[in-house]
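Colleague: Whole structure, please, built from the sequences with the hints as guidance.
Protein chains: 4
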Amino acid sequence: MTDSPFRLSGVVPPLVTPLTEDRTLDVPSFERLIERMLAAGVDGVFPLGSTSEVAFCTDTMRAQILAEAVRVVDGRVPVIAGVIDTQTPRVLEHVSAAVAAGADAVVATAPFYAVVTPAQVKRHFEILGARSEVPVFAYDIPVCVHTRLDPAMMVELGASGAIAGVKDSSGDDIGFRRLTLMNRDAGSPLAVFTGHEFVVDGAYLSGADGVVPGLGNVDPAGYVRLHRAATAGDWETARTEQDRLARLMEICLAARDTGGWGAGVGAFKTALKLLGVIETHQMPEPWDAFSDADVARVRAILDEVGPQA
Amino acid sequence: MTDSPFRLSGVVPPLVTPLTEDRTLDVPSFERLIERMLAAGVDGVFPLGSTSEVAFCTDTMRAQILAEAVRVVDGRVPVIAGVIDTQTPRVLEHVSAAVAAGADAVVATAPFYAVVTPAQVKRHFEILGARSEVPVFAYDIPVCVHTRLDPAMMVELGASGAIAGVKDSSGDDIGFRRLTLMNRDAGSPLAVFTGHEFVVDGAYLSGADGVVPGLGNVDPAGYVRLHRAATAGDWETARTEQDRLARLMEICLAARDTGGWGAGVGAFKTALKLLGVIETHQMPEPWDAFSDADVARVRAILDEVGPQA
Amino acid sequence: MTDSPFRLSGVVPPLVTPLTEDRTLDVPSFERLIERMLAAGVDGVFPLGSTSEVAFCTDTMRAQILAEAVRVVDGRVPVIAGVIDTQTPRVLEHVSAAVAAGADAVVATAPFYAVVTPAQVKRHFEILGARSEVPVFAYDIPVCVHTRLDPAMMVELGASGAIAGVKDSSGDDIGFRRLTLMNRDAGSPLAVFTGHEFVVDGAYLSGADGVVPGLGNVDPAGYVRLHRAATAGDWETARTEQDRLARLMEICLAARDTGGWGAGVGAFKTALKLLGVIETHQMPEPWDAFSDADVARVRAILDEVGPQA
Amino acid sequence: MTDSPFRLSGVVPPLVTPLTEDRTLDVPSFERLIERMLAAGVDGVFPLGSTSEVAFCTDTMRAQILAEAVRVVDGRVPVIAGVIDTQTPRVLEHVSAAVAAGADAVVATAPFYAVVTPAQVKRHFEILGARSEVPVFAYDIPVCVHTRLDPAMMVELGASGAIAGVKDSSGDDIGFRRLTLMNRDAGSPLAVFTGHEFVVDGAYLSGADGVVPGLGNVDPAGYVRLHRAATAGDWETARTEQDRLARLMEICLAARDTGGWGAGVGAFKTALKLLGVIETHQMPEPWDAFSDADVARVRAILDEVGPQA
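From first to last, the protein sequence lines are chains A, B, C and D. Take 1 as the starting number for the first sequence in the numbering used here and just add one per residue. Take 1001 as the starting number for the second sequence in the numbering used here and just add one per residue. Take 2001 as the starting number for the third sequence in the numbering used here and just add one per residue. Take 3001 as the starting number for the fourth sequence in the numbering used here and just add one per residue.
Don't read these hints as lab results, they were simulated from the structure. Every residue, glycine too, gets a C-beta built ideally from N, C-alpha and C. Each hint should be verified, as a subset may be incorrect.
Unchecked claim - Chain B regions said to be covered by chain C (calculated; three or more residues, Cβ under 8 Å):
{"#": "1", "stretch": "1015-1029"}
{"#": "2", "stretch": "1202-1212"}
As the list claims (entries may be wrong) - What follows is a list of derived Cβ distance ranges for each label pair:
{"#": "3", "chain 1": "B", "residue 1": "GLU1304", "chain 2": "C", "residue 2": "ARG2023", "range": "54 to 62 Å"}
{"#": "4", "chain 1": "A", "residue 1": "ASP257", "chain 2": "B", "residue 2": "ARG1131", "range": "19 to 27 Å"}
{"#": "5", "chain 1": "D", "residue 1": "ARG3148", "chain 2": "A", "residue 2": "THR60", "range": "35 to 43 Å"}
{"#": "6", "chain 1": "B", "residue 1": "GLN1308", "chain 2": "A", "residue 2": "THR60", "range": "48 to 56 Å"}
{"#": "7", "chain 1": "D", "residue 1": "ARG3148", "chain 2": "C", "residue 2": "GLU2279", "range": "33 to 41 Å"}
Modeller: Here it is as structure tokens:
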């Protein structure tokens, strides 16, 4: 990779991908989604991540999403593009596509489908770092890839310049604390982001540089306030905001007619439709949009603890 | 899918993908590999499966492998092509490509990366079955996709015509017995294959129609003998052959300098090189070819219990 | 341990523990259960295993169960007693109690609750073997103890005299084949039993010496026939019997009002009550006896594929 | 249970069990351990937990440990006794013994060894709560028992009076935040403790009432300072102290010659021996005391970030 022109920090929401009823990209909704985030003060956007339904998108669809995101953002904040695929050679193709489309950085997971050893995980990121023209972020998401990223390995990859940062969706706050401490000891080569919407205040207390909140689609202003309070050392404000956002995040656990990935992303889309930001809450195949009963469950939570000006 | 022109059974090895040193497809080696299998009497071949390093292949590489396999086989046996990818829309693109390339059937796993519920797994195969022009086989491989395929669901999908068969790599012989019994009760809509090289005799006793053995790259004749003995009810011959093949399969557990997926496929490639079938034992990035010490371990096992005429 | 006075093989059912309504041992029912098994021709009995609800029994209850089992069996077949507890010092106390009560051998799992390494697992069995006055069987049951027993380690423990055999409830038929082959290569120091009621024929084909079937409480004669057919090399008879027993084993998957351990043992007790062998289908706290609806589900299966004379 | 005479909060270390070389309780070392904690200002002590090697202790040894703890503490702080065993009837016996020995409360896990459903987990705690004469704490420790305790269930058990609090060793900070929020909404029936030494500051930010730190054996004063800072809202002091304690906690990850449970408790014992608090770092069978090389690794960390006055 080349030297990074920026040091990323703050709130970088993973963008949901609004669909029309027939499951094509709904561009006007996507524009409203992004503009609302920028107005709220986010520090970057992250298309083509797990929340963006990247695993469901054909390469054609991926290219369209990224092109539109770059067009809409228009340089106002960095665009960090997911390059999610099974193993190194396939990921490298997405890296090339992302760079060509104007992404400012890319986000890659550990290899998946074929079981890898720690040596292969490290090599994977070394190869990505060596061949990418933009900074590479490592995405620790064992629920999807079933491999953990070792904190010491990540700091070593940061020190060697292979990766510029980490998005932690590991669900392991102990590992996160160890990562931030090791990173600090190594001179902080990594920008460290948490992906856990429920406990961002604690992650900041542990030393996070920022947050990649799926719920930031629904309530970007809340996460911006939380980031600013934590950065200012105003922990009481941070945790009060976090408590509200944690209650709002219950929308992802509210569905009774579906589950898994679709329960979370489906809730974000449902909330965004209810808020008038996007047009439909359509989901990619093989999923359906939330049932009426599940929509009502989301609405009840929104009514109680939804976005506040 | 259209009605299947064939009912698959017997030995259908998943083809390893021979590479040149610089990691392009080694076509002459691939030809030798396939011709040796056909000479041994296999009943089909399976390119683009896990053993074929499909997770590492770009779409361009996938297309080349399948085209060459179809060309070399030239209609002598069915070519069953893997269409492995994360979720339904991406898999559908591979189905189209496989059909266009001349595959006789396709093999798809449960969706992966994004966590799915049983309802989505079923819908996934229903969509594939409805839109594929060739028969669809369900590939139960939780070690890669981290989702199991329920026996009752598979039989239901078979009865409705969505899938034509199952390749079972679940590691669950209880589930396999339940599947074969349920399938028989439903009129045997499914052709049921085991993917477990170590215990094929037991799988046949449980009612398997065939086997998809990675080790069939190394010793296709052994699996053909095992299939024929089991089919003939000569269980003593079947288990004697299986005992030898199980000892040979220890090559996949022999490596000390690597592990995971690479230890198994690396062993197949190493053995094939030692046997003079393929040119190199090169592996895809981020893996290396077996170390000299691991090559020696494979050689020792081959010398003791390797392929017999 | 002292030299074993016997080499165990054949059918050794784990005994369910019949309870009165107020959850004390129902001795007359226990007598009927054991006498029926002996009449069917079993080769041993196994009280205080998982099926015997050992994890629910106080030490006083354990002592009573074992004393009654030894009294009823009266030397006609070996009594193999479970000595299940968390870690070595607690297991050793159960070994002493079992020997004092007249058990012919003991069955111990890997240590559990505290996470152990392979070195500790091996040491555990070495200590048990060195201090037990009767043969020790290793019980590989990861669903309960969350640790696997490595085949090579077990054969090594057999060769050194620490253990006399293995009960395999691992759900891993590949590991089982590897175990039987390694054991044979080492001169067969171990008697190897499968605990998987669904696939006993395949286990015998793999080289099993016997079976420890929970379903043997319900249909001991079926497993005796299966054992005899397999031992005689009559595999068609073996698999026909196994197919019926596999269909009968569906009682353990039939409950809709409960799950987990209670669904299996509850089904055995329910079937035994329906067959008139035991008085109640009471379960230990915190479980309830099967609901009427679940009893009906068990009855339907029994009516179709139940014990045959 | 009777109404609790106290509302527990603050620092309640789980007591290691010092052993003589021949693995009997080292009473003088145990006294020094407890007195040092009391001098540091802890709010309670917790014998017979996982750290106390309860899974290794015979019932006789358990009784001795608890008797000595009660004697030494002599009413200065509450004594919370573990009643860890596989299933309800066995746990109830430990409850009776603990009450008779003078414990002020008991701590019980979910049932283990036999797989349970959520309904059985709830019933288990209801039975314990109904029959215990002292308050019951629920111990959420999936790494040992392989079952999670659902936050909503725990709050319901708290509201009904079955349990008085929770010790969370789940490794799931999201679940912990949800628990504290639900508990607050229900009127805070539960006292909620974290067991994660690495991230206690974040747990307090999430609303923890206290901490049960194994590392509190080594550095009780550090956790008392952390508790007091967090309680006072001085989050910068809290996290500075936590950062040091997290670095100290690396002793539990330092061993190279052992692993699992023994690596953690072995490190605590080794540090306590190096600090002159206990006489030996002996471990229960089947474990050994730390090797000299591992002792050196612990010493290096202690020298850098060990207990501070």
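Colleague: Against each hint, give a clear statement of whether it holds in the structure.
Modeller: For each hint, the structure was consulted:
no.	hint	verdict
1	1015-1029	violated (count 0)
2	1202-1212	holds (count 4)
3	B/GLU1304 - C/ARG2023: 54 to 62 Å	57 Å, holds
4	A/ASP257 - B/ARG1131: 19 to 27 Å	25 Å, holds
5	D/ARG3148 - A/THR60: 35 to 43 Å	41 Å, holds
6	B/GLN1308 - A/THR60: 48 to 56 Å	50 Å, holds
7	D/ARG3148 - C/GLU2279: 33 to 41 Å	37 Å, holds
Hint 1 alone, counting from the list given before, is not met by this structure.
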